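Produce the entire structure from the sequences given, and follow the hints as far as they go.
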Amino acid sequence: MGEKTSKKKTITYEKWGYVFIFPFFASFLIFSFFPLLDTVRYSFYEYYRSGLKEIGPNFIGLKNYIELLSTDLPKYAGNTFILWIIGFAPQIVISLLLASWFVDARLKIRAKQFFKVVIYLPNLIMAAAFSMLFFTLFSDTGPINSFLMNQGITAQPVRFMASVGGTRGLIGLMNFLMWFGNTTIMLMAAIMGVSPSLFEAAQIDGCNPRQIFFKITLPLIRPILAYTMITSMIGGLQMFDVPQVLTAGQGNPDRTSMTLIMYLNNHLASKNYGMAGALSVYLFIVSAILCFIVYRMMNVNDPDGSKAAAKKHKKNAKKEAGR
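Counting with the numbering used here, you get residues 1104 to 1426 for the letters of the sequence shown.
Calculated from the structure, these hints are not laboratory results.
For clarity, every value in this text was computed on a predicted model and none was experimentally measured.
Hints are not guaranteed to be accurate.
[As the list claims (entries may be wrong)] Estimated spans, in silico, between C-beta atoms of each pair:
{"id": "1", "residue 1": "Q1314", "residue 2": "A1292", "range": "33 to 39 Å"}
{"id": "2", "residue 1": "E1303", "residue 2": "V1389", "range": "24 to 30 Å"}
{"id": "3", "residue 1": "F1127", "residue 2": "P1326", "range": "34 to 40 Å"}
{"id": "4", "residue 1": "N1253", "residue 2": "V1143", "range": "54 to 60 Å"}
{"id": "5", "residue 1": "E1117", "residue 2": "P1312", "range": "38 to 44 Å"}
{"id": "6", "residue 1": "T1334", "residue 2": "P1126", "range": "47 to 53 Å"}
{"id": "7", "residue 1": "I1392", "residue 2": "V1196", "range": "41 to 47 Å"}
{"id": "8", "residue 1": "P1126", "residue 2": "I1388", "range": "29 to 35 Å"}
{"id": "9", "residue 1": "I1388", "residue 2": "M1235", "range": "32 to 38 Å"}
{"id": "10", "residue 1": "S1249", "residue 2": "L1155", "range": "44 to 50 Å"}
{"id": "11", "residue 1": "D1243", "residue 2": "P1312", "range": "26 to 32 Å"}
{"id": "12", "residue 1": "M1252", "residue 2": "L1301", "range": "51 to 57 Å"}
{"id": "13", "residue 1": "Q1259", "residue 2": "L1301", "range": "52 to 58 Å"}
{"id": "14", "residue 1": "S1130", "residue 2": "A1192", "range": "33 to 39 Å"}
[What the hints assert, rightly or not] Below 25 Å or equal to it, Euclidean Cα-Cα: the simulated DSS-like pairs (lysine-lysine) are:
{"id": "15", "residue 1": "K1166", "residue 2": "K1156"}
{"id": "16", "residue 1": "K1211", "residue 2": "K1318"}
{"id": "17", "residue 1": "K1166", "residue 2": "K1374"}
{"id": "18", "residue 1": "K1318", "residue 2": "K1156"}
{"id": "19", "residue 1": "K1374", "residue 2": "K1178"}
{"id": "20", "residue 1": "K1166", "residue 2": "K1178"}
No residue lacks a Cβ here, since even glycine has one placed at the ideal position from N, Cα and C.
Given below as structure tokens:
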């Protein structure tokens, strides 16, 4: 009797964890993983539409991959990289400056919440709507040209979208305005996570703001910087809506603003699923390689140099002992 009462029934809730995560894995398999495998499979097949006739699917091995390299794919990859750099370089610099200013209590900036909302607002606007706005503003008969001509700055309308620098500059400016607010908020959160005692100790030791920023702030927020750069790089490789709307899908002038995803969209529009699949695989491989390189560069095991100093000290000690 005593033995029966001493045994208590245990209740486990482990199964409910699997129940709750099952919908995610089910949707991931159905809508992401299986289509990804299908895309890889199509990349090895000749499968396109010629008029009303559908060709394939016929297995052709690596022919799609080889044929893509003989097209303008390298040129479009260069366009994508240039457009990403134009938008990302000022974005990360200005976001770092704004983040460091907003979290610096010594500056006593008023209405911080208002400025945070204002700089984040462009991120809420759809890229297509943003592109149409810039297309209207910078067109030959748009408000910008009207202002320049009324003020006597130019005698003729400036054809912003007829030049390579003008079109790329507008695309980079739009990407910068759309995303720098989101980057600023993330970097602010990263800096706020650093212990204030570190900054106070540095100030007591006589460090100036520049030294504090480069020697303390940047090394300690390196993981967030790596995350920001990786996500921005993936977004840059997937750049589509802004140049697509601004150039009406043509990548003008002379296809200098044609991105990889715009090129992929052209293959999908022409029902060339084999080439589209091969290009998708190329994009996946390039994204994985670039992300790995950035991760290795930004995440070191010795951010403060303590391990290197200890190793050097140990090496010197061995030399002294050898003498």
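Results of checking the hints against the structure:
1. Roughly 23 Å separates the CB atoms of Q1314 and A1292, a value that falls outside the hinted 33 to 39 Å.
2. A beta carbon spacing of about 44 Å between E1303 and V1389 contradicts the range 24 to 30 Å that was offered as a hint.
3. Taking the beta carbon of each, F1127 and P1326 are about 25 Å apart, not inside 34 to 40 Å as hinted.
4. Here the CB-CB span from N1253 to V1143 is close to 56 Å, well matched to the stated 54 to 60 Å.
5. Hint check: E1117 to P1312, Cβ distance near 51 Å, so the stated range 38 to 44 Å is violated.
6. A beta carbon spacing of about 25 Å between T1334 and P1126 contradicts the range 47 to 53 Å that was offered as a hint.
7. I1392 and V1196 have their C-beta atoms about 25 Å apart, which leaves the hinted 41 to 47 Å range violated.
8. Between P1126 and I1388, the C-beta spacing of about 30 Å keeps the proposed range 29 to 35 Å intact.
9. Hint check: I1388 to M1235, Cβ distance near 34 Å, so the stated range 32 to 38 Å holds.
10. For S1249 and L1155, the Cβ-Cβ distance of about 48 Å falls inside the hinted range of 44 to 50 Å, so the restraint holds.
11. Between D1243 and P1312 the beta carbon distance is about 46 Å. The supplied range of 26 to 32 Å is therefore violated.
12. Taking the beta carbon of each, M1252 and L1301 are about 54 Å apart, inside 51 to 57 Å as hinted.
13. Between Q1259 and L1301 the CB atoms are about 57 Å apart, so this pair conforms to the stated range of 52 to 58 Å.
14. Distance hint for S1130 and A1192: a CB-CB separation of about 37 Å, consistent with the stated range 33 to 39 Å.
15. Using a Cα cut-off of 25 Å, the hinted pair K1166 and K1156 holds, with the two alpha carbons roughly 21 Å apart.
16. Under the criterion of a C-alpha separation no larger than 25 Å, the hint pairing K1211 with K1318 is consistent with the structure, at around 23 Å.
17. Restraint check: the Cα-Cα separation between K1166 and K1374 comes to about 17 Å, which is no more than 25 Å; the hinted pair holds.
18. With a CA separation close to 64 Å, the supplied pair K1318 and K1156 exceeds the 25 Å bound.
19. Restraint check for K1374 and K1178: satisfied, since their Cα atoms lie roughly 22 Å apart, inside the 25 Å limit.
20. The straight-line distance between the Cα atoms of K1166 and K1178 is roughly 20 Å, inside the 25 Å bound, and the hint therefore holds.
Violated hints for the displayed structure, listed by number in ascending order: 1, 2, 3, 5, 6, 7, 11 and 18.
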